[in-house]
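*Asks:* Chain by chain, the residues run as shown.
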Amino acid sequence: MEMNKDTMLDLYRQMWRMRSFEELAATEFKAGKLQGFVHVGVGEEASTVGVICQARLTDYTTATHRGHGVVLLKGAEAKLMYAELGGRATGLCKGRGGSMHMADLEKGILGTNGILGAGAPIAMGVALGIKYKKLDDVVFCYFGDGQSNEGGIHEAMNMAGALKLPIIFVCTNNQYGMWTPLTKASANVDLAKRAEGYGIPGAAVDGNDVLAVWESAGVAIDRARKGEGPSFLELKTYRYYPHSVGLPDPWRPKEEIEEWRTTRDPIDRFGKVLMAQDVKQETLEAIEKETVDEMQEAFNWAMQQPFPDVTQAYQDVYTNLAVEGRTV
Amino acid sequence: MEMNKDTMLDLYRQMWRMRSFEELAATEFKAGKLQGFVHVGVGEEASTVGVICQARLTDYTTATHRGHGVVLLKGAEAKLMYAELGGRATGLCKGRGGSMHMADLEKGILGTNGILGAGAPIAMGVALGIKYKKLDDVVFCYFGDGQSNEGGIHEAMNMAGALKLPIIFVCTNNQYGMWTPLTKASANVDLAKRAEGYGIPGAAVDGNDVLAVWESAGVAIDRARKGEGPSFLELKTYRYYPHSVGLPDPWRPKEEIEEWRTTRDPIDRFGKVLMAQDVKQETLEAIEKETVDEMQEAFNWAMQQPFPDVTQAYQDVYTNLAVEGRTV
Amino acid sequence: MRNMNMTFALRDTLRQEMKRDERVFLVGEDLRQGTFRVTVDLHKEFGEERVIDTPISEKAVMGAAIGAATVGLIPVPEIMFADFFTCCFDEIMNQMAKMRYMFGGQCSLPITLRMPCGISRQAAAQHSQSIEAFLTHIPGLKVVYSGTAKYTPGLLVSAIRDPDPVIFLEHKKLYRDSADIGDEDQIEPVPFGKACVRREGKDITLVATGAYVNDCVKIADAMAEQGLDIEVIDPLTLFPLDTDTIYKSVEKTGKLLVVTEENLRGAWSGELVSIVAQDRFSALKKAPIRVGALDTPIAFSPPLEEYIVPREKDIVQAIMALK
Amino acid sequence: MRNMNMTFALRDTLRQEMKRDERVFLVGEDLRQGTFRVTVDLHKEFGEERVIDTPISEKAVMGAAIGAATVGLIPVPEIMFADFFTCCFDEIMNQMAKMRYMFGGQCSLPITLRMPCGISRQAAAQHSQSIEAFLTHIPGLKVVYSGTAKYTPGLLVSAIRDPDPVIFLEHKKLYRDSADIGDEDQIEPVPFGKACVRREGKDITLVATGAYVNDCVKIADAMAEQGLDIEVIDPLTLFPLDTDTIYKSVEKTGKLLVVTEENLRGAWSGELVSIVAQDRFSALKKAPIRVGALDTPIAFSPPLEEYIVPREKDIVQAIMALK
Ligand SMILES: Cc1ncc(C[n+]2csc(CCOP(=O)(O)OP(=O)(O)O)c2C)c(N)n1
Ligand SMILES: Cc1ncc(C[n+]2csc(CCOP(=O)(O)OP(=O)(O)O)c2C)c(N)n1
Ligand SMILES: [Mg+2]
Ligand SMILES: [Mg+2]
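Chains as they are written, first to last, in the working numbering: chain A, 4 to 331; chain B, 4 to 331; chain C, 95 to 417; chain D, 95 to 417.
Quick caveat, the hints were computed from the structure, so don't treat them as lab data.
We treat Cβ as the ideally placed atom computed from N, Cα and C, and that holds for glycine.
Treat the hints loosely; a few may be bogus.
[Stated by the list, open to error] Here are a few chain B residues that face chain D, going by a calculated C-beta distance under 7 Å:
| no. | residue |
| --- | --- |
| 1 | A165 |
| 2 | M181 |
| 3 | P184 |
[Said to hold, decoys possible] Ranges of calculated distance between the beta carbons of each label pair, as one might list FRET restraints:
| no. | chain 1 | residue 1 | chain 2 | residue 2 | range |
| --- | --- | --- | --- | --- | --- |
| 4 | D | F375 | B | L108 | 20 to 26 Å |
| 5 | D | Y341 | B | T330 | 36 to 42 Å |
| 6 | C | E278 | B | K257 | 32 to 38 Å |
| 7 | A | L108 | B | G78 | 54 to 60 Å |
| 8 | A | L324 | D | E319 | 48 to 54 Å |
| 9 | D | E282 | C | Q411 | 52 to 58 Å |
| 10 | C | R96 | B | M306 | 51 to 57 Å |
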């Protein structure tokens, strides 16, 4: 695949942006500065960047409970995201949503979701809407290996196939649910296989190779834009953190985590590719540093934001109907 | 496949029993003697008989909304079934269930179901129970082509595969839902393909050839009994009646119905096979007649049964708690 | 004015709104035929892009509606029998109802979810249910349930034009009701939150829903001959609820009877009695009474079905107790 | 007697019942670890055949339970957060609850469905809900929701030994509560339908559920210093409901306050007020009051979450109004 160096450097930067965002979120969650559940995708950057960084602004995406990266890289502002994670009034969703309900509709981001699999029927509906409006935008529908066993995924894939909708199903296969391994959850771990059953082309890709992901996502996007229907990408990857920051993680062998981290890290790997193409180590280090600074600054901003006024508790339930607050 | 003539004649008889049961149900429904919805499976006899007539008494089955045949041939008494369809006190389920809720637990019949796809997770649970108890019984899980797109089917198939449960998924593919054709409902009409995605062997079989169905079901049953896990059978067939007796049926070409009825009828076809093996036409006609008489007699009995006393309205909600009736 | 039965009045309403606004579309199972014929043949006029027959996948039907709404369309999904809402309850409760709020008001979801409900023709336990209590309990939803043919089409107009998710319950028995409705393309919206006083009266306030509204009007008329003057109210929308009209009536009569087809325990009728007891306690002269279905599934057998849901004599008995 | 926190008390109860009866088994997502640790490591003692980690498929979890129950087993499925009941509501409502009845009493389904519910730690709109109103409305189900640590394990024993489907709601905040429970293998069943009077009083009847029971007892104790004698009742089981105890209390006090974490509209608390208004109207001296969550989804932000569910001052205000 041909890709110019600027694009490649940008991909590298985006991977770091995601990682720096997530690492800081994890650190600050542990420090008690953020609430709720925080599921971070450290280790999964190639699978996110390689797909979502090809999206147009007018394209759409859904995201899972582990969706900060998708939200960030589809264009949401980091500072608003941190403010959301901190429950602040100026957060992306006014602090009402938190990590599992982060949306930015102007950017085509239809939200992370606290219900596994629930994004898929909705993403399919967005694709239906695009087709209805005769646009050539596309929708990205993310889900994990674990939730691929939810009924809604099946219904959405089948209907997308039947109606030839412009949607790309992206399965981030990090090989585990919360604790249960994929090998226990399904007799056939070759998830791309399922897509064929719906007449949808499926590809299994090394999800830690950003260029491979980019290439296969490109094919899928093209197909969708041309009105040729949905595609399915299974991206094999790994997460370094426990399921949710702070939870125990006894079900994955320590060595397995170590191995993925040290020998298969998507950023490291891509850094080596870039260095082989004469990018200097300092350049890469500078990028890393810039993203760490960017996120720290965004976080600092967020922490200075006010918490919402309690009247915000009962706004926006309806568009044209008021809900009553408390009397004391 | 080797099969002795007695068995073959019995299969022929069972096909007729199902047809005669259904024809009479349809006729009497139209005559206003039966209530509710009545979905009959006339035309689908081979796909039912070829599978369920291999079941042991201790095996289990679920059935769909179009499930009279399965219930009858798994061993329920026709007269009790008619009484149920007529809402009588002595019906299979005391008249509380009707066509869509016909069960006979002693015979391993876990019920027809008014909710499409709902039988599958339950059947999977029965298979789990069998495995738990270390028995070698098996479960038959019926569903139609249309409802194969329900989420619960996906969840049940995947879990059955993951746990290697003794279950046979039987998809009665009559190519239509109520009115919508399979070709519109799915981009890939090869439904057996889906099973592979769950690591389940799938076979597409001529569902109007009772011997072919018998053979493939036999393989699946063997596998399940030996603890080797689930199988999937897609049985291509056709129904002659509208979706539900009395409904309009404008979405299937008249010629298509005619063609299936005249050239591919499963009973006719099997009759020809038998005649080629020197069974006399009179023998076959006698069998037909006997089943017509059997069903008429059963129906007559049913129509003489009393309707339930209204106190039956509030019995059996709980096992050990009374529900109150009315005071007037 | 045209006199039509509800099936065709609703169909005509859908037509009008689809003609009026290109963003309006129908999505559901077997709509081209229409199980109750409400949508029959509309695809001939609007094309299969706007009358979408889906696979048999309720989660997908609702997902289609929600997703399309987020990109500016106005979906009118149908769940063929209300009982099947269980198959897409997550989409209804955790997604559609909450999305606007969770996302800080970034979107409105102008979805009208049509669902035929209630008993009719011995359809048994999974095709006969009244589900309003489940839906009125969910913040973010509006719930229409009209027992008054005259207003049902106009309520559908309002539902489709409403920016928020509206659950539109249609009692199957009422499809055969007829009413004068507006001329073609002239069906006017009927506002939400305004109850219909079907019969004025000063002795007892009788609130009924769905198919029981007509029955209760008839019973009230008959009781009038015995000198009992019953006010019969059809709330039309269960949320927003016209508490004004109901409270005023109770202030006048001091007596409340609620008749619905729901299983009594946990029914919407309980919510109504409870708010009246809380907000108009001193107006009540007698204990309010609810009449509803027994707390059982709906049985198939005709005499059992008939016994399970409120019968005329149950309603009369309650009226006599309040007298 | 052993003093334990609820997490481990419930775990110990499951152990006891699994030891007692080989037919008892656990099925759900990630049980070997246990999101709230209630089931942690039980597979080490009972094997993975009896502590079944399923794929992430709630319909399959419930199907597994229902199917296994029909062949004589005693399943204890878990839905990880009560909010996800929406993903298997058909299995709960149209299958499990109705099967015995529809099939003419041919089977009993001795299923105990455990579901952690309620708000805790800013889990936001899809992980914080109170769902008792949905479940108590369904004929065929029994619903346990204890706010009293002392009885919770015994109620679980009863649930598992009960022949019918039981919904067992566990408020997440109560996992940290502790209580004296019976010695190993000596946890006695606590009967269904018998409320616990947590505090006797003669001035006001306060019925609370879940995490609010303890809070209300504390508030009542504090109010006692002001000369107000409040009776606090934890129903323990919402169905069957101990109306005897509640009605007797209302007869004594003439005043009813119900405090729950539910969205108020359509809440279970409304059902309670409604039956008291119907059955004990003349005992009521004042309008009953319900305190509940606002009719909004649960917001994530800490001050909003805190504001949405009843706060001490809301409860005190209601008490003052009843005084
Ligand atoms: C419907 C539903 N069931 C269960 C959960 C609890 N849960 C949250 S994340 C998770 C594991 C998801 O695994 P996977 O889909 O592989 O995504 P990953 O966490 O690996 O990114 C589970 C079981 C949920 N949020 N929603
Ligand atoms: C959950 C649910 N959705 C929809 C229906 C309505 N319905 C009943 S039968 C049917 C068609 C079923 O088609 P298929 O599965 O192919 O079975 P067939 O009728 O062809 O035997 C539909 C849509 C239902 N009963 N349950
Ligand atoms: Mg995973
Ligand atoms: Mg079919």
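*Asks:* For each hint, tell me whether it holds in the structure or not.
*Replies:* Here's how the hints hold up against the structure:
| no. | hint | verdict |
| --- | --- | --- |
| 1 | A165 | holds (6 Å) |
| 2 | M181 | violated (19 Å) |
| 3 | P184 | violated (25 Å) |
| 4 | D:F375 with B:L108: 20 to 26 Å | violated (45 Å) |
| 5 | D:Y341 with B:T330: 36 to 42 Å | violated (18 Å) |
| 6 | C:E278 with B:K257: 32 to 38 Å | holds (34 Å) |
| 7 | A:L108 with B:G78: 54 to 60 Å | holds (57 Å) |
| 8 | A:L324 with D:E319: 48 to 54 Å | violated (42 Å) |
| 9 | D:E282 with C:Q411: 52 to 58 Å | violated (44 Å) |
| 10 | C:R96 with B:M306: 51 to 57 Å | violated (44 Å) |
Taken one by one, the earlier hints fail for this structure at numbers 2, 3, 4, 5, 8, 9, 10, listed in ascending order.
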